[in-house]
Amino acid sequence: MLEIDSFVLITMLQQALLGISLYVPLMSGQLSLASPAFYTIGGYLAALLSSAVAKNYLPSGTEIYPWTWLLVELALAALLCFVLAYGMGRLVLRLRGIYLALATLALVEIVRVLCLNLEWTGGAIGIFSIPQIYAEQQSYLWLFFLLFVAVASGVVCLERSVHGQAFRALREDEFAGAAMGIDPARCKTLAFAFGAVIAGITGVASAHLLNTWNARQGNFDSSINLLAYVMIGGPWSVWGGVLGGMLLSALPELLRPLQDYRLVVNGSLIVLASLYLPKGLVPDRFWQRWMKDPERDFDPLWKPDPWNRVGSTDATKLLEIKALTVRFGGLVAVKDLQFDLQKGEIFGLIGPNGAGKTTVFNVLSGFVKASAGQVLFANIDITEWSVYHRARLGILRTFQNLRLLRQQSVLDNILSARHRFVSKGLGSLVQERHSARKEALYWLHFCGLKGQARRLAGDLNYGDQRRLEMARALMAHPEILLLDEPVAGMNLKEKSGMQQLILQLRDEFGITVVLIEHHVPLVLGLCDRIAVLNFGQLIALGSPAEIQNHPAVRAAYLGDDKELG
Amino acid sequence: MLQTLLNGLCIGSVYALFALGYALVFSLLGVINFAQGAVFAVGAYLTWSLNTGSWGGGQVPLWETSFRLSFGLSLGISMLFCAGLSAFIERVAFEPLRRRRAEPLLYLVSSLGVAILLVNALLLIYGAETRNFDLEAIPFIPVLVEWGDIRLRGIQVLILAVSLAVLALLILVFRFSLIGKALRAVAENPAVAGLLGIPVQRCIVYTFALSGALASLAGTLVASGFSIPGPHFGLLFGLKALAVIVLGGMGEISGAVLGGLLLGLFEAFVPAEFSGYKEAVAFTLLFLGLMIRPQGLLGRPILEKL
Amino acid sequence: MRLQRSVRWFGFCCSSFLVCSGLSQAAVVSAPYPIGAALSQSSNVALLGQEQVIGVKLAEEYFNSKGGVNGSLIQLVLEDSAGDEASAINAFNALMRKNVLGIVGPTLSQQAFAADPLADKAKIPVIGPSNTAKGIPQIGNFVARVSAPVAIVAPFALQAALQKNPSLKTVAILYAQNDAFSSSESQTFQETVKADKRLNLVTIQKFQTTDSDFTSQTSEVLKVKPELVIISGLAADGGNLVKQLRQLGYKGLIVGGNGLNTPNVFPVCQKYCDGILIAQAYSPESGEAMNRTLVDLYQKKYKKNPGQFTAQAFTGMQVIVEALQKIDQKKKISSYELADLRQELNKQILSQTFQTALGTISFDKEGEILQKSFYVAEIKMDSDNKNGKFAFLK
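Residue numbers (our numbering), protein chains in the order written: chain A, 1 to 565; chain B, 1 to 306; chain C, 1 to 394.
These are calculated hints, taken from the structure and not from any lab test. Note that this is a predicted model, so its numbers are computed, not measured. Wrong hints could be hidden among the right ones.
Unchecked claim - Covered by chain A, per the in silico footprint, the following chain C stretches (three or more residues, Cβ under 8 Å): (1) 84-92; (2) 107-116; (3) 175-181.
C-beta atoms are modelled at their ideal positions from N, C-alpha and C, and glycine is treated no differently.
The shape of chain A in the complex, shown without the other chains (with noise of 0.2 Å):
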């Protein structure tokens, strides 16, 4: 016969909320196991607090713990985990992978040695008698049931919130949102705070609930058992955690009739699950199967405003670059590079492959520190700026290597660059989705990938691709747009397109425009000026015509002149 009592209906949410405290972190992309330390510090605080609040300050004899206390102290643990793990998420967060997981899983360990040998812990019995809220022990199903909806609708909303999607762009490809204009620091560190928080404020109640703390509630086996729910619910969505963990505990209760062979049954049944699901019970993107089409939405007659972030300023020089070097240990790509861009003009860089083009890519948009020399961007010095600061200045590029978020849609991959519109504060977890998604449309269209926005960014083909990355980066509203090598790939019609559209962004939107090309027919058609760079150095600059005919270009890289048309 199979029994569930309310007492197991709490656990459940229980631990579906731990496991949801897990799966935050998750969605930025970082496996963080430190839930339960979080816990354990949650309940101490309850316990603690709890304790001396019933001793000092309630008559003696009150049975029953009144909940305006307890909302003290779920205010206080969420503060007091908000804090710990915003300062440590700084210093842990450097870490990926299965190094994050393990120094968090060490973080617990330590919480949990610590809190065995402090006083004020108490020790191994830990604290006991810690006040009740209610007096029937069923009525903690309404507190973990009340506390399961908040916050589960707080990370649905947070899912769907533009830091959702920033989250989950910087968990699929860091530098890729970093180039959006997303702060990989501050997100990570944030989601890595917001676990914390759920996890602490579940220890607060578990506290009330168990009558009783100590030092063994956080432990190894909990983190890996939170492991456990979110790799078997699926770690895709908050639904994967809340699923696995209610599954997973209530899996031991449900097996109770087969006594001693329950916890055999049990590690099968996660051996069986992982194998089998290797997805997890709820897969990704779950729900955009009953999405409507959202180029529904699609308003053909709508367009953006140019902007202009810049000002009117005298600036001429949009960018300046003086005195460039760019060493990687003993190699010197870059050297002494020096010119300046013009606001609204195209600007062709060339050479041999190996001539430090893309480098020269990587230095203005913050991927490489410059070894010496300066950046300029309408005469501020961006030279140590970071690459998502630099994105939300109005620098944007494209990627040689394409680097879309291929594990989602083409409109999410363009939206996930909407992170530099959103104001700050609690207000952007709900803010309107709608003109973000009007904008993303637009950019969809314009880019010439109509009907494409519900596909997976990885199911496109090469030439989409390209225009996917580039309709990001115009979602990010860019001041100069840098693309490096935007045609490859591409077969003439293609290629003709996109020299359209290049036009089209100078020329409707004022963005300036920097192109890396192998294709020279094109660059020499379509820029104001190129530059030609050969061993990291600059040894032409000029009109398409003064590049054509310039002797040390065509000694040093173009050979000879059918190559040049």
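Given the structure of chain A, go ahead and fit chains B and C onto it with the hints provided.
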């Protein structure tokens, strides 16, 4: 001082031995095999049973066989068995995932399931009671080795000697033998190694078998030197071994050895007043190690390619 | 639309919860009378739980062979409380659903703090078999225990050591820090040693019950050359500690705490167990009639003497059964409503005196055990070093 040093080296060498199995698997597949800790316990129990002739004691009633094998022979059989067990685990919990190119984390979960299964199976068979080897049954080992101020239990000396010998042997094999080179090639790039005619699948199975045998050896050494405090004890050692391979550099063979010895020493040098914190040493080292030198002591820096 | 949907979802969840949670009953009692035991059969606490399980099972067998409750049989309902608090609560809930009259359990004090309040609220008598931490009987009216708090037993062992070696001065104390029982027992030992002017406490070392390597602790202890070592721990770790201490050449006296009072230490420290002085709340050597019965039953099955955990669990069952017998003599149990019977049972337990394997015991009004006999024993190993016995010292 020297006493503490030797104490630390003794336990450290076992850590190294055990961690080596983790490191081998990690270097090859880039995944952590959690079941290793359970295999460690299985090995210890099996050697104990063969050596003392007693089986069961949990749900399975205790029964004694008339034959008792010598310590060495029991250890040998147990190592062989665990090698097979580990290879079997590879077949069941890793190979299907690998074929599907599943996420590395999934290996963690499935091997964890295997660990839960094995540990609880042991609990059913043997119960949770502490088992101890009859040390007198091991020939040629004095109870106490005294040398000036330094006292070591005979078994500690044995542990130290055996572990260091096996470690040295393995390092030599990996450096210079053809098998070692093949393994390193597979670790570097399985696809290319396969094209070069290296039997990748067989390499992986052998590695798992070797790590199983090492786990059994380490388990037996720890159990004979200290005791088997129940089926769960392997998992604790498994955790420490994780700390060791992170400290030494994931997947670095010599790193695991260095890390193991270091962990043993650090633990031994925890001052008496703080002995309660000894359990945290491994994790603090793990944590600090990752913060300061994420690639580990001997690991190569991890470069992210743009 | 969406709002409507979420409201409906919310309502669905709430109602399903209500359906699941409303499971109360007004049952009548009928034979066989179910007596619950929530003990740890899995996790690493199982080592202790297993011995207790044997105890309650032997009790069921024994009392049923004696006719149960005046002719009606009792039935043991066993639930696994594993090693954590939530599992203990689940085990208690499962027992309550099965309408048990009383509960023996759980295994750990920490679990008792979580689970006992539930039974107390449901007004079901709970007998803690080995919950020795401070504050257990104070959890509620329905909570009692048959395990003596440690403070009483510890000093006796120290006296015995001083009798053996009146000139001893230096004392080293070691204790398992992650075990609630051991650390509070050690506290008592430390205070007793400090209070004695003749003695000098030279070192205090901590270890974990999960440890098996005590090299650093033993090295520290041997450095200060104590004449008496006091160990508070459990069988596995304590026994190991003794073994490693002796192997490293320690020759002085060893006093073991109550946690070492189990035959389980014999296979751990083997011949090195010999001579350990043990503070006992239970001794298999004692001549009480009930103890002889228990020892015989146990010997028949396991070919060795029972330990304290077994005896305490056995006693827990005995207390409930004998109280039921008394109630039945006054008014037939089968005529009671379940809730009234539980009330009555609790009253009866607290007022009755029991002749148990632990000696004559009764309870104070909070449910704390009042135990007359404590023992100090010296371990004497047999010649094959596999088994031994606890020889009475007084």
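Hint by hint, here is what the structure shows:
Requiring three or more residues with a Cβ within less than 8 Å of a Cβ of chain A, the coverage given for the stretch 84-92 of chain C holds, as 6 such residues are present. Chain A is given as covering the stretch 107-116 of chain C, and this holds because 4 residues of the stretch bring a CB closer than 8 Å to a CB of that chain, at least three being needed. Coverage of the stretch 175-181 of chain C by chain A holds [criterion: at least 3 residues with CB-CB distance below 8 Å; count 4].
Checked against the numbered hints given earlier, the structure satisfies every one of them.
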